[in-house]
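Chemist: This is what each chain is made of:
Number of protein chains: 2
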Amino acid sequence: MTKWVYNFGGGSAEGKTGLKNLLGGKGANLAEMANLGLPVPPGFTLTTEVCTAFYDNDKSYPTELTDQVEASLKALETQAGKGFGEKSNPLLVSVRSGARASMPGMMDTVLNLGLNDETAEGLAALSGDRRFALDSYRRFITMYSNVVLGMHHHTFEDILENYKDDHGYMLDTELTAEDWAALIVDYKLAVKNKLGRDFPQDPKEQLWGAIDAVFGSWMNDRAIVYRRLQDIPASWGTAVTVQAMVFGNMGETSATGVAFTRDPSTGANSYYGEFLINAQGEDVVAGIRTPQTLTKVAREEMGDIEPSMEEALPEVYGQLAAVFDKLESHYRDMQDIEFTVERGKLWMLQTRTGKRTARAALKIAVDMAQNGMITQDEAIMRVEPSSLDQLLHPTLDPDAPRDIIATGLPASPGAAIGTVVFSSDEAEVLAKGGQKVILVRVETSPEDIHGMHAAEAIVTARGGMTSHAAVVARGMGTPCVSGAGQIRIDYDAQEFTVMGRTVKAGETITVDGASGQVLAGEAKMIQPEMSGDFATLMAWADAKRTLRVRTNAETPLDVQTAKDFGAEGIGLCRTEHMFFEASRLGYFREMILAEDEPGRRAALDKILPVQRDDFAAIFRIMGDLPCTIRLLDPPLHEFLPHGEDDVKAVAEATGLPVGDLMARARELDETNPMLGHRGCRLGISYPEIYEMQARAILEAQVLVGKETGKMPIAEIMIPLVSVAKELEILAEKIAAVANEVEGDPKYVIGTMIELPRAALRAGDIAKTAEFFSFGTNDLTQTTFGLSRDDAGRFLPDYVAQGILDKDPFVTLDQNGVGDLIEIAEQRGRATRKGMKMGICGEHGGDPASIRFCHNAGLNYVSCSPYRVPIARLAAAQAAISKN
Amino acid sequence: MTKWVYNFGGGSAEGKTGLKNLLGGKGANLAEMANLGLPVPPGFTLTTEVCTAFYDNDKSYPTELTDQVEASLKALETQAGKGFGEKSNPLLVSVRSGARASMPGMMDTVLNLGLNDETAEGLAALSGDRRFALDSYRRFITMYSNVVLGMHHHTFEDILENYKDDHGYMLDTELTAEDWAALIVDYKLAVKNKLGRDFPQDPKEQLWGAIDAVFGSWMNDRAIVYRRLQDIPASWGTAVTVQAMVFGNMGETSATGVAFTRDPSTGANSYYGEFLINAQGEDVVAGIRTPQTLTKVAREEMGDIEPSMEEALPEVYGQLAAVFDKLESHYRDMQDIEFTVERGKLWMLQTRTGKRTARAALKIAVDMAQNGMITQDEAIMRVEPSSLDQLLHPTLDPDAPRDIIATGLPASPGAAIGTVVFSSDEAEVLAKGGQKVILVRVETSPEDIHGMHAAEAIVTARGGMTSHAAVVARGMGTPCVSGAGQIRIDYDAQEFTVMGRTVKAGETITVDGASGQVLAGEAKMIQPEMSGDFATLMAWADAKRTLRVRTNAETPLDVQTAKDFGAEGIGLCRTEHMFFEASRLGYFREMILAEDEPGRRAALDKILPVQRDDFAAIFRIMGDLPCTIRLLDPPLHEFLPHGEDDVKAVAEATGLPVGDLMARARELDETNPMLGHRGCRLGISYPEIYEMQARAILEAQVLVGKETGKMPIAEIMIPLVSVAKELEILAEKIAAVANEVEGDPKYVIGTMIELPRAALRAGDIAKTAEFFSFGTNDLTQTTFGLSRDDAGRFLPDYVAQGILDKDPFVTLDQNGVGDLIEIAEQRGRATRKGMKMGICGEHGGDPASIRFCHNAGLNYVSCSPYRVPIARLAAAQAAISKN
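The listed protein sequences correspond, in order, to chains X and G.
Here my numbering = 1-based position in the first sequence + 402.
Here my numbering = 1-based position in the second sequence + 402.
Worth flagging that the hints you see were computed from the coordinates, not collected in a lab.
Keep in mind that the hints are not guaranteed to be accurate.
Intra- or inter-copy, both count: the list cannot distinguish identical chains.
[As the list claims (entries may be wrong)] In silico DSS-like links for lysine-lysine, alpha-carbon gap of 30 Å or less:
#  : residue 1 : residue 2
1  : Lys834    : Lys1127
2  : Lys1050   : Lys838
3  : Lys594    : Lys747
4  : Lys1135   : Lys1208
5  : Lys834    : Lys405
6  : Lys1008   : Lys1135
7  : Lys566    : Lys590
8  : Lys747    : Lys1050
9  : Lys461    : Lys1169
10 : Lys1135   : Lys461
11 : Lys757    : Lys1148
12 : Lys418    : Lys606
13 : Lys1208   : Lys1169
14 : Lys1127   : Lys1208
15 : Lys476    : Lys590
16 : Lys1127   : Lys461
17 : Lys1208   : Lys757
Assemble the whole structure, with the sequences as input and the hints as a guide.
Modeler: So, in structure tokens, the structure goes:
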């Protein structure tokens, strides 16, 4: 019989961390903490398999489930020493979701379950605090009616507001037990009026209703969006944990809080967190009350007045600190913890590996490895390569003047410039249109996920360092300033005011998530410095990886940047980019318009010296690192003006005849330029172009070789080969040029494998090609029969519908395109043993694709300069994972 | 030591037919005839390996060649009883090319070699006919100077014309021996003036010059063009045969002729040929004198006055007829023969398997098989499948009125309509522009090949049934009327006159190659009748083949035609063609412009009944044969007007708003439509389109099922799948529609494999797909990364340069695209055992591609209606070849 329910509590548990896939992160870690002897309120977890079965069987449960839940409930009653629905000593429970991966705020939760008219009075008697008991009951009715019964929470808020108005109350705290009792009557009436039946009084009915709702919330819209953004498969499902309630809101010796065992923003090795006295957990996370700090040091740093937990509840704080140390050394990683203090007793409600910024991830990994807590390999595996992106981009210049308009909490580091928007929908629309936007909200909620994703940075007027905005922004690597309390936002007027200044939607501001500052206008940025931790981790990574990392670059600036970031050569120098510069475009157009080969050669002769200078500049920077230079690739019409106006302008500027330009542009126009007269097909039709380029490369090589005493390493790459003979013909022509160039230039010749046929015929092609570079952009286009320029219309929908797991232009399609790469690798190396192979599509900077390249036995990946460090780290992770 | 030279003559030879690759067709067959004891003038053949070595080694010969030629020349002198360069008894030789495949008129020949000032006089004494000897010498000087020395033959013609004018001669026959002697002096002077050296007198020097020239002519322009058109590789090379001369021009008992052992035009089992008394062989082929018939029956049929050979030279004719029978039964095929009669003695100069029309090929194959000369399998292999095309096309309606303007010889059967052109260059240009042209020439020469290829039909004023025009046209399957002597062509005025009528370039005429008639204007055509031989051979073929043959068709006319031609089902019904009809295009555009799904559904509801009628019509014709119907494939913008004027016209006609049409057309515009939002991607985005089409198919099926009592077999095909999930989603939607249609429709669902990724993921896709149809047009485009629409700019050059053997859109690229097909076949059938697979690209009608499909284990090919018989025959040949 399948075990659908796992119990925990009282120093032991049926589950453990290793069962995370089955029990969800929350359930598994609660079990683990129970096993560690930490104070965990008892409870039980319904497995993720229940969720899967639920959706597979038309939303009905496995038949054995009822009995297993009944048995676990019995065990829980025994553990807690209370009875579910027992008037004198009622057991109250929370019902929470918990998936394999954390999805904060995405799914539903019900607290205080088990309260009804009778048990509420029992709780009142037991706690000696009737107001607390009835407040809990009315909170339960609100939450349950919303989550389980589908009513809007405004209904209950309106009743409460009206009641407060009628009685002249301003704050909730002014209401007495009798007021809550009266409101509870009104609340229940509202439910009956709306749904035609009474609010359920039977705790068992309440429990099953809540379980249904939590499993149901796995498929709500925001959970679906979140999973898509975070690449979480729907098939994983969620577990449901039912746990005895403990109360942080039972007076001044009660409290609730969230904490990290280290600073998740900087990685500093000091406790970090927030708590609220006399509050329930949701109050901290929702960001409605501004919480207090955990430690005295933190309070002093923030300049807070309210005492820290260390000062307010020193004994419990001591217990908590001990738990922090125990958990961190047990899990060997920074923990994100929720706790509650009920009348002086500490209860642990959750622990999990904490989300952190890239900077913190780096520091924590390096610190832990240097302290011997983890190995260097583990440290390498702990940092998500693509998160490095945050560290490599510009930050605000500390010396430049700052026009500060507001200051809040430094919730997520990084700096960004953008125009102000006040709604997530608008943020998404404008960002799709290419605009950089800053989302400014009073506070954010799970409904804002799409806008936060679209924004360059987020500013909120309310909420702490663990508010929704802060947690989500850090996870996304988006800069965030939260709790900028001076800001007054007027959504209707589409503006915010702060200290007498007004900023309207559409105005530009700068956000500095590292300092918590919001600045007017565009502030000055500076290039990032590669910090000590970064250098340390990269050195470990470089020692581990076997895959080389090169760069795709052609301007001296990009080449230099890439080299500074550790590029070990150029994997793709796109020579056509050089022709788009105004000085040469004219000559190149002259070449295109020439009537015959001598005319084309005359025009190319004028380009030769500048091309030679281009290559010499690159060789000088790269020294003795290999440089793969691709000969002209795009179709000639890309260099001609389109449309009558453009043609006229170009004709005027260049003196080329309008008629000729028009005629040639029309003549060269193509139905499917992606599949047209380009790449080596141009080289075959107009060999003089490739001959000029080869000459420029080889002459530059000799030139720089003489200057430096060391011959640069040139790898000449022929694009778009589909038939071996194309390469043979062109290789011969280049060899003839090389024979003519004085100074004995050395080069190797290779090809892009970017068409399915080239991959299939790799064995033939390798007879001439001395290296392969997989052009995975075009290979993806042709393998899928999918134009990248046109795919925007339906590709996002394909990913949303799960037809494709990921955008194949971002992460390599291993099953299809990858299959061709493996075929080419095998067939190529069957002809030419140990042949050098790399990848130069944009996938060269994508960690998952880099792992594939490592496993496929390629020698290098090549990516844009800013992705070079990412690729270095990803390559090291691939090497470690494979061992 | 390599044997470079093979001797023959005197009843034996070193070569034989089996050595055709080495000795060329001519050399091998001369050897074979010598071995058969037939009267062959002795000689020797320099092998094709000499040619290959010649071109591989910078046009120099193997070192041993000189000695081997010397030895063979000695043997030849002995055989002939004459001496090379021996004044009193000179040996004269011909030097001819001879490749593995016949290339009539494409390469050079030198006759009468060995003549010089001394041997000419020796020949005069020996023959007792000085005029003959000197005429031969002046012919030799002309030919040798042209072919070997590179002088223009006009030089010699001008000298001759001037001489005739000066002496008042009209005809060459009026010139005496003395006249020729004087002219020879002038000829030799012209050579010396032009080249600065004397015409070579040394026969050995003459011989090597001629050998050089013949090997050199392998690479002349017209040989290169011919090889490209006929798919003959340059690497084959030509052999050179040196053979003792015999003379058909030694008086009234001498003659020369060409013959076929059966009628190469109709296939009738009767000797067929032409001869000229007192002439050299070139005179017959060149078409300058109109030759006489071979047999009495033929003379009577043609209504000729000149006696036939049977009547003029009855004894030699009897010997010749015996040779015909011996050769045909030896070679077991119709032979094409050249012979010469020298003073009453028959000499055989050539035999080879004769070219024939498709009709003749069919009849000969069937006759020979029925007579037991060859097997049925051999008969099937004897007919080139694509030649059947000639038999399947319309011919002139015999009952319609004919406006006959000229009559000539029925040189190549078939009828064609086109506009008159007078030059081959112009014919080529106009044909490329899509015009159908008829090439009208006084006579054709090898320089006209490109124009003959471009023309629908050929008319010549001069020349017989074996003239250049006739032979080449029959080989090409192009209708031809030759020797229409009443026609007077004025090239300058660009017109011809005939019996007082003038026809100008650009006017339309009709050519009936079967009757030899040229008609004014456009004559009425009728559909071909499938003759008895055709039916017989096809029945043999059908019994042999295992590959089924279906058709690509959607109109009732095409479907019916295909069925009449033996199609065993529809392999591809392109439903989009149905939407282009005016009546539905409006609704379809309404659908495209609709703002939401209900709007689209409303428009589609209007198309449903007409679509249902479309399918019902097809089902009624096809009965219980399977019909594969492909759902909508092209991108939506193909259905919208382009350009402002078009949009306005459509807006007016349909009442759709101009602005909406413009906006939507712009919105739908694509950079690479081939790789865009089309095929099943449309089905995913707008499921309502595919649902409507599926409903129309299934409702039509039920409808016709009720009418006929037999449920038609519908195979619904989803295009452009690249990911298995696309098919899964759409298959489910179609299943839902099927559930709603009353009458229990039956269908299977499958997909096109037309993208490389689909081929690679065939294992996944076969979980849902019940059949695969390889869409090799798109698969070729994506595998090569080559747009068919754009390839025209460079693809012909690729074939010309040998980068590609053949146009991959005509003949399947077996190494690349074929590899993907084999991968898909294996992976698909690994998932679904015995899965049905076919091909529906245009390659389905190409014999070489059909052979590949057979070998790859596919179940069927599908092709256009007129190619169905071709495919049936090719499939049978594939089955026979594989055994």
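Chemist: Hint by hint, say whether it matches the structure.
Modeler: Evaluated hints:
1. Only between protomers do Lys834 and Lys1127 lie at most 30 Å apart by alpha-carbon distance; the minimum there is 28 Å, versus 44 Å within a single protomer.
2. Within a single copy, Lys1050 and Lys838 get their C-alpha atoms no closer than 34 Å, and across copies no closer than 39 Å, so neither meets the 30 Å cut-off.
3. Neither within a single protomer nor between protomers do Lys594 and Lys747 lie at most 30 Å apart by alpha-carbon distance, with minima of 39 Å and 125 Å respectively.
4. For a Cα distance limit of 30 Å, the shortest separation of Lys1135 from Lys1208 across copies, 24 Å, qualifies, whereas the shortest one inside one copy, 42 Å, does not.
5. For the identical chains of this complex, Lys834 and Lys405 are neighbours neither inside a copy (47 Å) nor across copies (77 Å), given an alpha-carbon limit of 30 Å.
6. With identical chains, the CA atoms of Lys1008 and Lys1135 are at most 30 Å apart within one copy only, with a shortest distance of 20 Å there and 61 Å across copies.
7. Proximity of Lys566 to Lys590 under the C-alpha cut-off of 30 Å is restricted to the intra-copy arrangement: shortest distance 18 Å within a copy versus 130 Å between copies.
8. Within a single copy, Lys747 and Lys1050 get their C-alpha atoms no closer than 82 Å, and across copies no closer than 80 Å, so neither meets the 30 Å cut-off.
9. Proximity of Lys461 to Lys1169 under the C-alpha cut-off of 30 Å is restricted to the inter-copy arrangement: shortest distance 27 Å between copies versus 60 Å within a copy.
10. For a Cα distance limit of 30 Å, the shortest separation of Lys1135 from Lys461 across copies, 22 Å, qualifies, whereas the shortest one inside one copy, 69 Å, does not.
11. For the homomeric pair Lys757 and Lys1148, neither the shortest alpha-carbon distance inside one copy (51 Å) nor that between copies (55 Å) is at most 30 Å.
12. Taking the closest pair of Cα atoms, Lys418 and Lys606 come within 30 Å of each other only inside a single copy of the chain (27 Å); across copies the shortest separation is 102 Å, beyond that limit.
13. Taking the shortest Cα distances, Lys1208 and Lys1169 sit within 30 Å of each other only across copies (22 Å), while inside one copy they are farther apart (35 Å).
14. Proximity of Lys1127 to Lys1208 under the C-alpha cut-off of 30 Å is restricted to the inter-copy arrangement: shortest distance 14 Å between copies versus 36 Å within a copy.
15. In this assembly of identical chains, the alpha carbons of Lys476 and Lys590 lie at most 30 Å apart only when taken from the same copy (29 Å versus 127 Å across copies).
16. Within a single copy, Lys1127 and Lys461 get their C-alpha atoms only as close as 61 Å, which misses the 30 Å cut-off; across copies the closest is 23 Å, which meets it.
17. In this assembly of identical chains, Lys1208 and Lys757 lie within 30 Å of each other by CA distance solely inside one copy; the values are 23 Å within and 60 Å between copies.
Hint compliance for this structure: hints 2, 3, 5, 8, 11 are not met, and every other hint is.
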